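Given next are the chains, with one letter for each unit.
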Amino acid sequence: MNAAAHSTLSESMRAASGAVCASAGTLSNHPPSRGGSTRIASAKRVGVGGLFHFLSKFAPHPRPLPTTRKSAREEGSRAAVPRSFLASVIAGAILLLVAAHPAAALDFPALTGRVVDQANILNAQNRNDITEKLAGLETKTTSQLVVVTLRSLQGTSIEDFGVQLGRHWGIGQKGKNNGALLIVAPTERKVRIEVGYGLEGTLTDAIAKFIIENSILPRFRAADFPGGVKRGVDDLILVLQGEGEEFKKHAVAQQPAATSDQMSDEAVLAIAGGIFLAICLVIFLVVRSVWRNVKDARSRGESGWSALVPDTSSSSSSWDSSSSSGSSFSGGGGSFGGGGSSGSW
Amino acid sequence: MSSAVTTFSRLVRFPVAALLMGFLLAGCGVNNIPSYEEGAKAKWSDVLNQYQRRADLIPNLVETVKGFAKQEREVLEAVVAARSRATSLQLPADIVTNPEAFKRFQEAQNQLSGSLGRLIATAEAYPELKSNQNFLALQSQLEGTENRIAVARRDYIEAVRLYNTELRTYPGKIWASILYGENKPMETFTIADDTKKLPQVKF
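From first to last, the protein sequence lines are chains C and W. The working numbering puts the first residue of the first sequence at 1, with every later residue one more than the last. The working numbering puts the first residue of the second sequence at 346, with every later residue one more than the last.
Same shape as in the complex, but just chain W (with noise of 0.2 Å):
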């Protein structure tokens, strides 16, 4: 009778076993890589977007600065140049997990930074053009966009954090090995370009 009924709920309960076998393989973290994965992906599109809103800002502004400070040719010509060579910069498709890639994509952001907060230190030399609705709304868009692109830029740090750390840990190191053998640890903003960047833009 007792190997009857063991029979029976053996029977009744593999859909239900199964059903938390589920659970605890997520439970587990079968799934931490990819999520993770995606999750520090999606950030890192954020990022690209924040930078290219910066970049579209950019032309506007430089013809409103030209038309009040033609002379600053040098600064201008700086802006545009930095601008076009970080918007012509090939991004591989591996690029968060490429070093070299990525070096060269922060080094070109880094570039135009450095060249646009020049730009506004220059305007600071002409009355007319501070009081410009134009040239004021364009700085505005452009502090919230560094600003934006400080939040994306940490968000992206913190997502990278908690997949990399999955993939060098346990128990997601086991799921690594077992099934996400091609899955490399991703790039990310060193902090010294975030302190050295931040501060550039000053309104």
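Only chain C is shown next, with the shape it has when bound in the complex (with noise of 0.2 Å):
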């Protein structure tokens, strides 16, 4: 019977249903508070209606979303409107991807592990060690560094490319953005450190710039390039773990250098981090539950959904990242604005 009324009314409107923006945007200008809802609210009926015929016709196989089947069970209707509400979002979804991502000029290598060694210039042996050094900084200080080796910088500049490419890898944890890479372009003869927003103030364009001028340039220069890096990584680690003592006597450069505060900080950290993760198995706790409600109501297309649980928001990918050993690296979603510094040898 929902279905029948459902269909009438959307019937109706089927007319102007590819419209449907454009009758959204003439009720918009009836102001919400006005005599008249009821003639509104229909109107409204109708064109939520009319979409959702509009839409159903493209997306005849539609996984089912957690709200989708939520709302269905409330309502008792389980054929129209999960589907064609699933058809707007989609077409929502697309629309706001198609807007947001314009196509990428440069080609990022795939973010494999803590070290990405597209050049080939490390040994299995050293990218294990590395792998194993960065795994550590980050379950100390959360900070994700990064050491990757380019075959090209595809014809742009070093700092082009490592901003970039820092901000489609997403290094450092959202929020803190407290991200860095080591970047290294053999052809090119280029070597970068790239910061991330949040460590501009630990790692400053100047210290970066010390630690490529002596611990990294020097030994590139001498082809050591398993040498550069390893040493590279090692100033890196010990700056941003707040022990570059050695580095701010050299480099001329006023940071905050108070111990006791970054030890503070790093308490405060572990009880948000932990109070995150206590809010990620409650919420995945959540939505376990209804999915598994909403599977014994219904029996059809739950593969759908179970294959998205991991991958619908960026928490559960920053949850992995902190828990993984380095296997199954990625990035927390840092941003990156330009700082760090740039040599070549």
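Simulated from the structure, these hints should not be mistaken for laboratory data. Do not rely on the hints blindly, as some may be mistaken.
Below, simulated DSS-like cross-link-like pairs (lysine-lysine); rule was C-alpha separation at most 25 Å, straight line [what the hints assert, rightly or not]: (1) C:Lys190 - W:Lys475; (2) W:Lys386 - C:Lys174; (3) C:Lys176 - W:Lys386.
Bear in mind that the values here come from a model prediction, so they are computed numbers and not experimental data.
Take the two lone chains and join them into the complex the hints point to.
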């Protein structure tokens, strides 16, 4: 019966269904609190039904989403509404994606781990050693440092490539933006330390320059790439752990040199991390129980939703990265603003 | 019976439909123009912030260079003058939608970039200055700031592109005519200036 009512309503508006945005636009001219609300309400319903009808033509076999299922249960109408609602969600998501992501001009390497050796200048032993150190750094400070060697800068500057690669991978924790990249481009003979927004105060441009000039470049000039990378990583880890006293002495740069402050920061961070994990767990459990209820109620199309579970939120991905030991590494969603320093040999 | 059920379902459905309507309107982009506008404004603040950072570095740099290369008075004075012009420029509140004010801002900053580039090039001739730790630190900070300016400008250009496109294309154009009549397209940096400016500070 519901479906019948729904279809007659949408039938009456089918002619206008393609121009739902336009009809919604005229609706919004009416102040919502004014009289004649029933007229507006019914018009809204018709508009919604019309769009559903319109969109459901394009998405005949949608994957059910949790909200869809919930509303389906509440309403008791299980066929028409969820499918068409999902269609509109998918259409909206596609529009958003198209609007938000213009085609990237650069071809980025895949983030296969904490060491991405595209240029192949490190051996397996080097990679394992560095990966272990970098995983240790993240466990201690949550800062993500990634070493990447590039076959080619694809015609752009290493500064431009670095900031775009850092943003593309999302290195650093979301909200803290505490990521950094050590980028080596042997073809162009360039090296860069790209620093995320959140680390610009700790790993200043001057310190980055100092590490490049004193630790990395002398070894690169002697063609000792693994040595230069390893020494650079060691220095970077020292600085990022707040133990870079010798760098402060050498590189003339004022930075907040309060280890006690950083300790308290770590404590705060640990507590915040615990709360965050607890919230994640609660959300996960709620979502799972909802899913199970729905699964009991309906016995079709579950595989789609269960595949969606780990990917739906960025919080779960940062959870993965902070608890993993490097094998399944992923960026936490941090961003970059062009901080850091470059050098060439 | 059928009509009774229809009334009932109408009552139940109304809040749901209203909720969905909200999502749909958002899907239609009713919020796009204001949110893109805010995004572009935030990026503009970032641009200003980075230019300010550069201006703050200059007095120190000038003092350091003066200690080693007093005779380069002309270059030093040009930097100081360009800096004071750039920082004393009154920015109107509507600078991002005001082509003339935007142009004036851009010109002042470009002038400062040019004179800074000359100052750094001059420093090449003074080995003591080039090996001075203070100068090296300032130089790396200036280098980093120029890079941040480039990133901030690119982010701003991208944000403005999104916003202007939304204003000028459907369905954003409809929303603009109904709800956001006073929203104007924003000014953006010209690419010619970008390519002119970037290689000027060389180390």
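Evaluated hints:
no.	hint	result
1	C:Lys190 - W:Lys475	21 Å, holds
2	W:Lys386 - C:Lys174	22 Å, holds
3	C:Lys176 - W:Lys386	22 Å, holds
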